[in-house]
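Undergrad: Use these hints to put chain F onto chain R, whose structure you have.
Number of protein chains: 2
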Amino acid sequence: MPLPPFTEIAEKLPETVPFVGPESIERRLGRPFKARIGANESGFGPSPKVLSAIRDAAGDIWKYPDPENHELRHALAGFHKIAPDEVSIGEGVDGLMGLVVRLFIGPGDVLLTSHGAYPTLNYHVVGFGGRLEFVPYAGVHEDLDALAEAAQRLRPRIVYVANPDNPMGSYWGPEAIQDFIARIPEDCLIMLDEAYGELAPAGTLPPLDTARTNLLRLRSFSKAYGLAGIRVGYAMGPRRIVGAFNRVRNHFGVNRLAQQAALAALADQDYLAAVKTQIEQSRKQITQIAQENGLSALPSATNFVAVDCGRDGAYATRILEELAHLGIFVRKPGVPPLDRHIRISVGPNPEMAALSEAMPRAISAADQ
Amino acid sequence: MPLPPFTEIAEKLPETVPFVGPESIERRLGRPFKARIGANESGFGPSPKVLSAIRDAAGDIWKYPDPENHELRHALAGFHKIAPDEVSIGEGVDGLMGLVVRLFIGPGDVLLTSHGAYPTLNYHVVGFGGRLEFVPYAGVHEDLDALAEAAQRLRPRIVYVANPDNPMGSYWGPEAIQDFIARIPEDCLIMLDEAYGELAPAGTLPPLDTARTNLLRLRSFSKAYGLAGIRVGYAMGPRRIVGAFNRVRNHFGVNRLAQQAALAALADQDYLAAVKTQIEQSRKQITQIAQENGLSALPSATNFVAVDCGRDGAYATRILEELAHLGIFVRKPGVPPLDRHIRISVGPNPEMAALSEAMPRAISAADQ
Numbered sequence: 000m001p002l003p004p005f006t007e008i009a010e011k012l013p014e015t016v017p018f019v020g021p022e023s024i025e026r027r028l029g030r031p032f033k034a035r036i037g038a039n040e041s042g043f044g045p046s047p048k049v050l051s052a053i054r055d056a057a058g059d060i061w062k063y064p065d066p067e068n069h070e071l072r073h074a075l076a077g078f079h080k081i082a083p084d085e086v087s088i089g090e091g092v093d094g095l096m097g098l099v100v101r102l103f104i105g106p107g108d109v110l111l112t113s114h115g116a117y118p119t120l121n122y123h124v125v126g127f128g129g130r131l132e133f134v135p136y137a138g139v140h141e142d143l144d145a146l147a148e149a150a151q152r153l154r155p156r157i158v159y160v161a162n163p164d165n166p167m168g169s170y171w172g173p174e175a176i177q178d179f180i181a182r183i184p185e186d187c188l189i190m191l192d193e194a195y196g197e198l199a200p201a202g203t204l205p206p207l208d209t210a211r212t213n214l215l216r217l218r219s220f221s222k223a224y225g226l227a228g229i230r231v232g233y234a235m236g237p238r239r240i241v242g243a244f245n246r247v248r249n250h251f252g253v254n255r256l257a258q259q260a261a262l263a264a265l266a267d268q269d270y271l272a273a274v275k276t277q278i279e280q281s282r283k284q285i286t287q288i289a290q291e292n293g294l295s296a297l298p299s300a301t302n303f304v305a306v307d308c309g310r311d312g313a314y315a316t317r318i319l320e321e322l323a324h325l326g327i328f329v330r331k332p333g334v335p336p337l338d339r340h341i342r343i344s345v346g347p348n349p350e351m352a353a354l355s356e357a358m359p360r361a362i363s364a365a366d367q
Numbered sequence: 000m001p002l003p004p005f006t007e008i009a010e011k012l013p014e015t016v017p018f019v020g021p022e023s024i025e026r027r028l029g030r031p032f033k034a035r036i037g038a039n040e041s042g043f044g045p046s047p048k049v050l051s052a053i054r055d056a057a058g059d060i061w062k063y064p065d066p067e068n069h070e071l072r073h074a075l076a077g078f079h080k081i082a083p084d085e086v087s088i089g090e091g092v093d094g095l096m097g098l099v100v101r102l103f104i105g106p107g108d109v110l111l112t113s114h115g116a117y118p119t120l121n122y123h124v125v126g127f128g129g130r131l132e133f134v135p136y137a138g139v140h141e142d143l144d145a146l147a148e149a150a151q152r153l154r155p156r157i158v159y160v161a162n163p164d165n166p167m168g169s170y171w172g173p174e175a176i177q178d179f180i181a182r183i184p185e186d187c188l189i190m191l192d193e194a195y196g197e198l199a200p201a202g203t204l205p206p207l208d209t210a211r212t213n214l215l216r217l218r219s220f221s222k223a224y225g226l227a228g229i230r231v232g233y234a235m236g237p238r239r240i241v242g243a244f245n246r247v248r249n250h251f252g253v254n255r256l257a258q259q260a261a262l263a264a265l266a267d268q269d270y271l272a273a274v275k276t277q278i279e280q281s282r283k284q285i286t287q288i289a290q291e292n293g294l295s296a297l298p299s300a301t302n303f304v305a306v307d308c309g310r311d312g313a314y315a316t317r318i319l320e321e322l323a324h325l326g327i328f329v330r331k332p333g334v335p336p337l338d339r340h341i342r343i344s345v346g347p348n349p350e351m352a353a354l355s356e357a358m359p360r361a362i363s364a365a366d367q
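Top line first, the protein sequences correspond to chains R and F. Just so you know, we're using numbering that gives the first Met the number 0 here: the first sequence kicks off at 0 and counts up by one. Just so you know, we're using numbering that gives the first Met the number 0 here: the second sequence kicks off at 0 and counts up by one.
For reference, chain R alone in the conformation it holds in the complex (with noise of 0.2 angstroms):
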């Protein structure tokens, strides 16, 4: 019997989830976990402010959200101080993403990156037709040399960088960045993720320039802000590409709730300053605990820490596997040399006291 046929792309495309969820780990254990410290989440919650915002716009959800995201992305123009048609808001980062390669990659086309760097832009990237180019990672810093010469060579549609970088948490400077940026060709989009932005030591993101015709930074209220599970992330860039967004976009994609709680996440900077203090505070516990247990901790710029397990891929698997049998949730990059590492996320006191108990079981059994 003849069946629908599929795209010649979608055909190929395997089904796929880029990020297995704590929760279905949960169900295959049949039990929650203890401190669920693996998605680069906030424990910390965001601020009571955007708690209260959440519950006084209930009443209004039966209204379909303003499609224009106006107020919210006036905010968000007035806060960086750009024009509103230079900020475009979508359904997380993640979104985004998705709309940028539909609208810079067709079938053959390449999509320049670092070799484990965010496995959900690569999903997006083959889902469209198009075809991946990878640096290796200098250490574990992206290789920011390495991927201007590859971008000078290959002259890839767009190239992408993280800063700070996920899943390693280091950085480079506003110097390296617009550095970088000077040396990509101009037909070539460079796509900055600052999703850990407002994690990173002050000073380190580069001014927003969006008279570089060839630069668009993408921003999350996932992160610092405490909010992934309300799905918003925006992205800033010059007009002619922000733009675009809406010859594709899910117009009225992003929910009535998240509109508002994302302007109230934004109004309450003193709260994004307090939490920044208890991210650092934990990062440290997160440290002295790798470091009790004969394990180094990567420096982070961001709301988790990479740490160096000492041996192979397999060894930090086993580590992360112990973990999650003892109801800690962390994850790991896939990509060697970057798996001998776990990433853990940064949460409050009784998360860091259960992983400090967990940690040298995970190890022990790891070990045997």
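It should be emphasised that the hints constitute simulated quantities derived from the structure, not laboratory data. There could be a bad hint or two in this list.
The list cannot tell twin chains apart, which means a pair is met if one copy fits it or any two copies do.
As the list claims (entries may be wrong) - Taking lysine to any residue and the SDA-like style, the derived pairs with C-alpha atoms no more than 25 angstroms apart in a straight line are: (1) Lys283 - Val125; (2) Lys80 - Ala323; (3) Lys80 - Asp267; (4) Lys11 - Arg130; (5) Lys11 - Asp108; (6) Lys11 - Pro83; (7) Lys275 - Glu321; (8) Lys275 - Gly58; (9) Lys11 - Val125.
All figures in this text were calculated on a predicted structure; none of them were measured in a lab.
TA: Structure of chain F alone, referenced to chain R:
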């Protein structure tokens, strides 16, 4: 200076908003609407249990949503008596339509629909380089015979039918729909949009048959369930097609509160039954207001009533604009001959009173 080139398809697309939101009109007019009865939202709102669920879940908003939508998918499968992998959740029916088009419509591929049917679907088809073919409505109904005949002749990749219909509010019974389904070539996907399905007379929707390999049914929490702001729709059909969403969807796209809200809404079928009575009552009020003003209201199986303004599209547009100036938000079909109607959504008594007061003034202004 060279600019990053868009893909061939994206280059040709216009920036657009398929539906201008009432908020945009309010910003233009400089004041809020008194009656928001234009977007087929449900001013009766969702179940109070939904609002409780949202407020209870707010504290968990720092966690990413479950990317598998496991609980909601299983609840819907149980409710509809199908398998959990025969249902997929998306960011509203709009989001799901985008995915279906992406999976089945490549450059030049044809989607067959009715002239004047849902514009957002057309937006997606154009957005993926597809080609639209249209048949006209037969009076106030989508013309199932003409669609089936054109499907046999044009061999489109997808044929689209809404039942009940938007923007006219008409419907076909199960025999007519099943006869239509049987006439569509097996390699053509039937996209059956049942966003208003809960509001049709009992027995209108044909029984679910996920063994039919070319039938996909779309449902929404935006209409009868009163949750337009939460952005949850779902698709039901054979495993091959429903599973394919996992090749292309934004896995973390459905917000955490949205999943909880939809679960609570589905669980409160008593509220749904009660609100259906209110909606029926409101349809009668709209019909009466139309008649009092010398206009004829069409029968409706939805949460809106199409009102025939009796002359041409320009006249109906004048009435709509006068209503807007009087604080009443309604919409209208854009395509002749449907465009001589205005489409008024149901609402609570204050909204109906405002409509009743404004309608004679709008008509008399339009008559001048």
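Undergrad: Classify it for me, Lys11 with Val125: is the Cα-Cα distance of at most 25 angstroms met within a copy, between copies, both or neither?
TA: both (10 angstroms within a copy, 23 angstroms between copies)
Undergrad: Between copies, within a copy, both or neither: which fits Lys11 and Arg130 at Cα up to 25 angstroms?
TA: Both ways: Lys11 and Arg130 sit 14 angstroms apart in one copy and 23 angstroms across, limit 25 angstroms.
Undergrad: With 25 angstroms as the alpha-carbon cut-off, assign the pair Lys80 and Ala323 to within, between, both or neither.
TA: neither (44 angstroms within a copy, 34 angstroms between copies)
Undergrad: How do Lys80 and Asp267 come out at 25 angstroms by Cα distance, when the copy is not named: within, between, both, or neither?
TA: within (17 angstroms within a copy, 46 angstroms between copies)
Undergrad: Treating 25 angstroms as the Cα threshold, decide for Lys283 and Val125: within, between, both or neither.
TA: neither (38 angstroms within a copy, 52 angstroms between copies)
Undergrad: For Lys11 vs Pro83, is the C-alpha pair at or below 25 angstroms within one copy, between two copies, both, or neither?
TA: Classified as between: cross-chain Cα gap 24 angstroms, same-chain 39 angstroms, threshold 25 angstroms.
Undergrad: Is the C-alpha distance from Lys275 to Glu321 at most 25 angstroms within one copy, between copies, in both cases, or in neither?
TA: Classified as neither: same-chain Cα gap 30 angstroms, cross-chain 52 angstroms, threshold 25 angstroms.
Undergrad: Are the CA atoms of Lys275 and Gly58 at most 25 angstroms apart within a copy, between copies, both, or neither?
TA: between (32 angstroms within a copy, 19 angstroms between copies)
Undergrad: First find the shortest C-alpha distance between Lys11 and Asp108 inside one copy, then the shortest across copies, and answer within, between, both or neither for a cut-off of 25 angstroms.
TA: Close inside one copy (17 angstroms) and across copies (18 angstroms); limit 25 angstroms.
In summary, the numbered hints that this structure violates are 1, 2 and 7.
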